[in-house]
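> Working from the sequences, and respecting the hints, build out all of it.
Single-letter residue listing:
Protein chains: 6
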Amino acid sequence: MTHVRVINPNTALAMTAAIGRCARAVASPATTVTAVSPAMGPESIESHYDEALAVPGVLAEIAAGEREGVDAYVIACFGDPGLDAARELATGPVIGVAEAAMHAATLVGRSFSVVTTLSRTTGRAWELAHRYGFAAACKGVHACDIPVLSLEEPPARQAVIELCAAALDGDGSDAVVLGCAGMADFCAEASRATGAPVIDGVGAATRFAESLVALGLRTSTRGEYARPLPKRYSGLLRDFTI
Amino acid sequence: MTHVRVINPNTALAMTAAIGRCARAVASPATTVTAVSPAMGPESIESHYDEALAVPGVLAEIAAGEREGVDAYVIACFGDPGLDAARELATGPVIGVAEAAMHAATLVGRSFSVVTTLSRTTGRAWELAHRYGFAAACKGVHACDIPVLSLEEPPARQAVIELCAAALDGDGSDAVVLGCAGMADFCAEASRATGAPVIDGVGAATRFAESLVALGLRTSTRGEYARPLPKRYSGLLRDFTI
Amino acid sequence: MTHVRVINPNTALAMTAAIGRCARAVASPATTVTAVSPAMGPESIESHYDEALAVPGVLAEIAAGEREGVDAYVIACFGDPGLDAARELATGPVIGVAEAAMHAATLVGRSFSVVTTLSRTTGRAWELAHRYGFAAACKGVHACDIPVLSLEEPPARQAVIELCAAALDGDGSDAVVLGCAGMADFCAEASRATGAPVIDGVGAATRFAESLVALGLRTSTRGEYARPLPKRYSGLLRDFTI
Amino acid sequence: MTHVRVINPNTALAMTAAIGRCARAVASPATTVTAVSPAMGPESIESHYDEALAVPGVLAEIAAGEREGVDAYVIACFGDPGLDAARELATGPVIGVAEAAMHAATLVGRSFSVVTTLSRTTGRAWELAHRYGFAAACKGVHACDIPVLSLEEPPARQAVIELCAAALDGDGSDAVVLGCAGMADFCAEASRATGAPVIDGVGAATRFAESLVALGLRTSTRGEYARPLPKRYSGLLRDFTI
Amino acid sequence: MTHVRVINPNTALAMTAAIGRCARAVASPATTVTAVSPAMGPESIESHYDEALAVPGVLAEIAAGEREGVDAYVIACFGDPGLDAARELATGPVIGVAEAAMHAATLVGRSFSVVTTLSRTTGRAWELAHRYGFAAACKGVHACDIPVLSLEEPPARQAVIELCAAALDGDGSDAVVLGCAGMADFCAEASRATGAPVIDGVGAATRFAESLVALGLRTSTRGEYARPLPKRYSGLLRDFTI
Amino acid sequence: MTHVRVINPNTALAMTAAIGRCARAVASPATTVTAVSPAMGPESIESHYDEALAVPGVLAEIAAGEREGVDAYVIACFGDPGLDAARELATGPVIGVAEAAMHAATLVGRSFSVVTTLSRTTGRAWELAHRYGFAAACKGVHACDIPVLSLEEPPARQAVIELCAAALDGDGSDAVVLGCAGMADFCAEASRATGAPVIDGVGAATRFAESLVALGLRTSTRGEYARPLPKRYSGLLRDFTI
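Chains A, B, C, D, E and F, in that order, are what the protein sequence lines are.
Quick note: the first sequence uses my numbering, first residue 288, plus one each step.
Quick note: the second sequence uses my numbering, first residue 288, plus one each step.
Quick note: the third sequence uses my numbering, first residue 288, plus one each step.
Quick note: the fourth sequence uses my numbering, first residue 288, plus one each step.
Quick note: the fifth sequence uses my numbering, first residue 288, plus one each step.
Quick note: the sixth sequence uses my numbering, first residue 288, plus one each step.
The set of hints was computed from the structure by calculation and includes no laboratory data.
Careful, some of the hints might be misleading.
If chains are identical, the list can't say which one is meant, so a pair holds when it fits in one copy or spans any two.
Said to hold, decoys possible - Calculated pairs, SDA-like style, for lysine to any residue (alpha carbon to alpha carbon, straight line, at most 20 Å):
(1) Lys518 to Ala423
(2) Lys518 to Asp432
(3) Lys518 to Ala299
(4) Lys518 to Thr508
(5) Lys518 to Thr289
(6) Lys426 to Ala513
(7) Lys426 to Ser406
(8) Lys426 to Gly459
(9) Lys426 to Ala317
(10) Lys518 to Asp472
(11) Lys426 to Leu300
(12) Lys518 to Ser406
(13) Lys426 to Asp458
(14) Lys426 to Glu449
(15) Lys518 to Ala301
Structure representation (structure tokens):
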């Protein structure tokens with residue numbers, strides 16, 4: 288059995304449970320999925336500040352996963368917080384949901400639009416599109432301006448789906464990437480409503496993570512992703528000493 | 288059961304069989320893999336001319352697969368010949384091995400080198416790196432100058448592995464992409480020898496293809512990948528009329 | 288006398304004749320222009336599938352031209368199908384009409400818009416703009432949604448010219464590239480109507496092809512455009528063996 | 288008086304003092320410079336892991352600076368850790384030393400080389416060059432493979448200066464950017480030795496920060512750098528609640 | 288005292304005086320600012336032709352400044368005319384106002400819009416954004432279509448400020464760069480009116496120029512900015528012989 | 288008859304005569320070529336300073352050509368000095384030799400190397416490659432470090448040809464662009480010696496200029512290349528008033 292751990296970087300446990308369900312629904316039968324949240328950090332992630340402060344908790348979860356023999360990790364927040372640091376720490380592969388969704392989108396279309404939560408996060412989405420090589424494929428990043436923790440309320444689902452349709456038309460794009468792990472369970476309905484591929488990064492990252500394990504691939508340790516050097520950490524973060 | 292068809296675009300049947308074994312070795316238990324070669328076209332692909340003339344055969348295999356209810360396709364030649372046309376024709380996803388290998392490489396490292404057969408094919412490898420968004424991640428394309436059909440001979444394996452090691456050092460890259468489907472079974476050994484991720488696109492494409500099916504994703508039909516318009520084809524190619 | 292052969296990759300002979308007339312009208316007195324269509328392939332090219340299946344016919348015409356001592360070739364379809372393979376096969380230069388039109392456009396303005404036939408072909412136009420280095424100069428690709436074989440009907444000319452004007456204004460571009468060889472004879476009228484340079488790739492490619500011959504330039508054989516290796520071709524395509 | 292606070296993101300206090308001296312040496316007479324280190328985090332920063340865990344301490348120092356009425360901030364580690372989050376939190380401008388050094392380099396030359404500490408950090412330097420728009424100007428990133436905390440030892444200075452000279456020649460570049468705040472006081476000597484501009488980001492960032500204040504410029508709050516939304520933070524990080 | 292000379296490349300002396308006032312208003316107390324205009328050239332710069340013919344006068348002013356011991360230069364026209372040549376001639380740093388404004392804008396936001404005079408100059412603004420590395424950060428270049436010499440008339444100020452607001456909203460950008468040195472004194476009011484950073488390149492260039500001097504940085508003479516080779520100049524330009 | 292005027296921007300008349308011979312040798316029979324030098328400016332162009340001061344003379348020649356009814360212009364210096372301004376002034380097309388050579392190179396190969404005179408000019412060559420869209424196709428710019436006016440001396444020819452061969456091998460490129468109009472008559476010999484296309488921009492620009500005329504194309508006047516606004520010019524340059 289391959290063990291994929293999905294880390295929701297915020298501390299909203301209901302969202303963690305929903306993310307876990309979405310991941311399990313698409314994983315292959317030979318994969319065990321566990322979903323966790325850090326014990327420290329923000330209740331939702333909607334700014335660079337929130338994202339930066341979510342990272343220590345994500346790294347603590349990676350360290351815990353290593354002790355338990357987890358095979359691969361998914362970071363389930365669309366900013367992919369802590370991805371580089373997590374890759375240094377984990378033995379197996381680590382995939383971010385923005386990364387996975389953008390990779391999947393370019394396998395089923397020439398171009399994609401991103402539909403996300405708050406306008407202030409669109410800059411980060413574009414930054415990730417550049418980082419992963421998909422800036423030319425990304426035709427637009429659109430915000431519904433619904434906070435992460437309000438996505439569960441009934442009108443949100445409809446608003447997101449309508450924005451998917453508008454983005455496809457306005458951008459002339461082939462597919463939609465859902466820009467928040469909290470939208471994972473809108474995916475099937477949005478796809479039916481628009482007739483286009485609508486991609487949830489949680490599911491995509493889970494499948495890609497188990498695929499990398501099956502292919503015998505893990506993060507390269509030749510360069511920047513080598514294990515961090517042992518070093519003293521001070522103050523509140525002293526337990527991160529390795 | 289998900290049925291993934293791996294199409295070797297050349298007519299070298301021993302290579303097709305080897306490619307099929309590599310694909311099956313990494314597919315999930317719930318996936319059936321079948322490997323085929325076209326009835327027409329070149330015995331190996333080492334030029335734009337060969338590649339162009341391999342495409343009608345690839346498309347005929349896609350058409351045959353559609354009649355049989357195949358769920359997803361892999362095009363197992365590093366030039367990804369006919370990928371765009373195949374996406375128009377197939378109901379399910381189609382993935383090229385260069386595409387899959389480059390996607391996988393960027394999930395396990397910041398950068399990669401490609402190790403391929405003849406020098407004359409390096410331009411195509413760079414073109415695909417640009418097309419897929421990975422031009423910045425690709426640090427070098429290196430040719431061993433061994434023809435495709437000589438890859439099975441004993442010295443070839445060693446030469447390819449040595450070139451992998453040299454490319455990693457010279458380029459300062461994190462991973463190696465094997466630039467020919469005929470190198471698929473060198474992958475594990477090259478990875479052990481170099482201590483770096485060495486990626487075979489056949490395996491990667493097979494896993495990604497079954498993943499897209501599991502995620503409910505198929506090629507978008509909104510734009511350029513819509514089904515081709517019905518039209519008369521003449522001469523030798525009249526049977527391609529749809 | 289320099290002999291430039293213009294190959295219309297589809298099998299619509301009336302279009303071939305019109306293309307030949309446009310090429311002859313601009314060629315220098317010292318140039319002979321012949322226009323041909325392949326004996327096999329699609330009657331018009333409006334998808335990746337059509338384009339892929341037009342290529343064997345184009346290559347057969349290059350091979351025929353080589354036997355006749357043709358000096359240079361023009362591939363007269365805006366997707367530039369088979370250009371790389373043709374360059375391997377031909378002794379003299381080979382130019383695509385999209386390539387030529389984009390080169391010409393950047394010699395008479397900072398930027399250009401493309402006006403083409405069906406929306407589904409806009410992705411290919413963008414891909415060529417990237418390939419040739421003109422992605423930053425190309426400000427928009429606009430489709431009139433008139434099929435290639437309906438371009439001869441009276442309303443088409445007016446619709447295309449109106450779209451040229453709208454594209455210039457909307458994109459703030461300096462020039463228009465006509466995105467189909469079937470629009471070649473709209474060029475002068477569109478230019479008069481818009482007051483901007485409107486470029487037909489057939490004429491541009493013809494002049495550039497004869498220019499390269501006059502300059503003593505032919506495709507480099509140092510790298511990927513070296514002559515294809517001799518190799519067995521099977522089935523319907525066995526006659527392509529070289 | 289303009290108050291510029293220089294934050295050394297690691298906890299090595301001797302380095303903080305040296306950085307403060309370098310900043311003060313170049314600041315204008317009308318500027319007060321204070322240099323601080325966080326109370327939590329790593330003793331030096333040489334990996335993504337170190338960098339990620341330095342960020343909470345940096346943000347705590349920004350929050351403290353805001354209570355004290357600081358006018359502008361410099362983040363004095365070459366990875367520019369926490370820059371985006373700090374911009375959300377601070378009223379005045381925030382500048383990273385990598386950012387400042389690259390900006391300065393392109394004002395005195397067409398191109399630059401970066402000379403940094405460990406090889407594993409070169410990926411981050413390239414990432415920042417891309418982020419800030421200087422990927423084309425950056426001709427190489429070179430590591431001396433001396434750890435940050437050994438830079439004070441006598442042989443380090445000589446090794447760094449020799450690497451500056453080698454980088455200028457090998458890359459054919461116009462200037463050198465010193466890739467670690469711990470190299471700040473090598474700057475004048477390296478410049479004399481090589482005859483080329485050698486740029487220390489600490490000094491450059493300090494001058495640019497006071498310049499932005501003089502120009503009446505502060506970080507835009509229109510988009511992603513608006514103040515973070517009030518939100519509950521848990522566990523070790525609960526004091527970051529705002 | 289650091290002596291910064293601001294060169295207004297056109298011959299409109301009232302504009303030169305206003306530019307000098309703006310530069311002095313932001314310079315540090317330890318800096319002397321002098322503002323000059325060439326004795327030859329166009330009365331305003333609104334085309335490539337004007338710009339090209341302003342350059343000899345700019346270079347004559349650099350030569351004069353060198354004789355007087357000027358420490359650094361600002362070229363105060365948004366096309367940054369003659370910047371490369373001036374760098375070869377001057378001992379100290381030379382900064383263009385477009386360059387400075389774009390650098391400053393990216394230090395206070397992720398993106399910016401340019402607001403300029405005539406539409407025909409927008410191509411040059413984009414070219415400079417590419418040259419300096421800020422093409423991705425520049426979200427739009429907008430013209431108010433008011434000639435340079437009419438900027439002093441009352442309605443111009445209001446029109447420019449309204450265009451700043453429209454550009455920020457339409458482009459979704461963080462900041463505005465004023466695209467003409469003649470707009471320098473609109474800066475504070477435009478900033479108040481829009482609530483966004485509005486950047487005048489004259490001030491920014493003045494502060495950056497004095498900063499480079501304080502940092503001991505001057506243009507690299509290693510490569511293309513080495514002093515011009517001695518050579519005979521003929522005709523009207525014979526006095527440029529060096 | 289089409290009249291193409293070739294403007295050698297420096298005042299070295301022997302070089303002008305040689306350039307004229309090279310242009311005439313490749314022009315079509317229906318074209319008249321005249322070659323001229325300005326009455327003012329530098330005797331050779333080897334710096335930004337030289338280039339800037341060559342431009343007024345180039346523009347005076349364009350103005351003279353317009354009075355004589357010239358159909359198209361070639362600017363025969365590899366920095367393409369004054370190209371944008373000349374396009375505003377001329378009724379017919381204007382082409383630079385760097386521009387033409389790079390365009391031609393990409394029509395006969397995937398990539399090219401530039402072989403030029405002094406190292407200090409390589410930055411300008413790269414800048415033009417970026418400007419014209421050929422930065423990815425340009426694999427290297429190499430200087431022989433022979434001054435322009437020494438190119439006629441016997442050893443220069445051999446040194447340039449050897450550098451062509453070395454550049455092709457070292458860069459793995461398909462073709463060579465000769466980076467100085469003074470190398471025009473080395474072209475045929477260099478091509479024979481290397482077996483690769485070696486491109487002289489003077490010839491290429493002449494053929495492309497007459498081709499644009501034949502195609503009915505002239506510089507767009509819709510945007511930045513509209514005729515300069517009438518305006519007063521002062522001092523030495525007062526005669527440029529239009």
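> Determine for every hint whether it applies to the structure shown.
Consistency of the hints with the structure:
With identical chains, the CA atoms of Lys518 and Ala423 are never at most 20 Å apart, being 40 Å at best within one copy and 32 Å at best between copies. In this homomeric assembly, Lys518 and Asp432 come within 20 Å of each other (Cα to Cα) only across copies, at 17 Å, whereas the closest approach inside a single copy is 42 Å. In this homomeric assembly, Lys518 and Ala299 come within 20 Å of each other (Cα to Cα) only across copies, at 12 Å, whereas the closest approach inside a single copy is 32 Å. Taking the shortest alpha-carbon separations for Lys518 and Thr508, only the intra-copy value of 18 Å comes in at or below 20 Å, while the best inter-copy value is 37 Å.
In this assembly of identical chains, the alpha carbons of Lys518 and Thr289 never lie at most 20 Å apart, being 32 Å within a copy and 36 Å across copies at closest. In this homomeric assembly, Lys426 and Ala513 come within 20 Å of each other (Cα to Cα) only across copies, at 19 Å, whereas the closest approach inside a single copy is 34 Å. Both within a single protomer and between protomers do Lys426 and Ser406 lie at most 20 Å apart by alpha-carbon distance, with minima of 16 Å and 16 Å respectively. Both within a single protomer and between protomers do Lys426 and Gly459 lie at most 20 Å apart by alpha-carbon distance, with minima of 8 Å and 15 Å respectively.
In this assembly of identical chains, the alpha carbons of Lys426 and Ala317 never lie at most 20 Å apart, being 36 Å within a copy and 35 Å across copies at closest. Taking the closest pair of Cα atoms, Lys518 and Asp472 never come within 20 Å of each other, the shortest separation being 41 Å inside a single copy and 24 Å across copies. With identical chains, the CA atoms of Lys426 and Leu300 are never at most 20 Å apart, being 33 Å at best within one copy and 39 Å at best between copies. Taking CA atoms no more than 20 Å apart as the test, Lys518 paired with Ser406 passes between copies only; the shortest distance there is 17 Å, against 39 Å inside one copy.
Proximity of Lys426 and Asp458 under a CA criterion of 20 Å is satisfied in both settings, with 6 Å inside one chain copy and 15 Å between copies. In this assembly of identical chains, the alpha carbons of Lys426 and Glu449 lie at most 20 Å apart only when taken from the same copy (17 Å versus 26 Å across copies). In the homo-oligomer, the alpha carbons of Lys518 and Ala301 lie at most 20 Å apart only across protomers (17 Å), although the nearest pairing inside one protomer, at 36 Å, exceeds that limit.
Hint violations for this structure: numbers 1, 5, 9, 10 and 11, all remaining hints satisfied.
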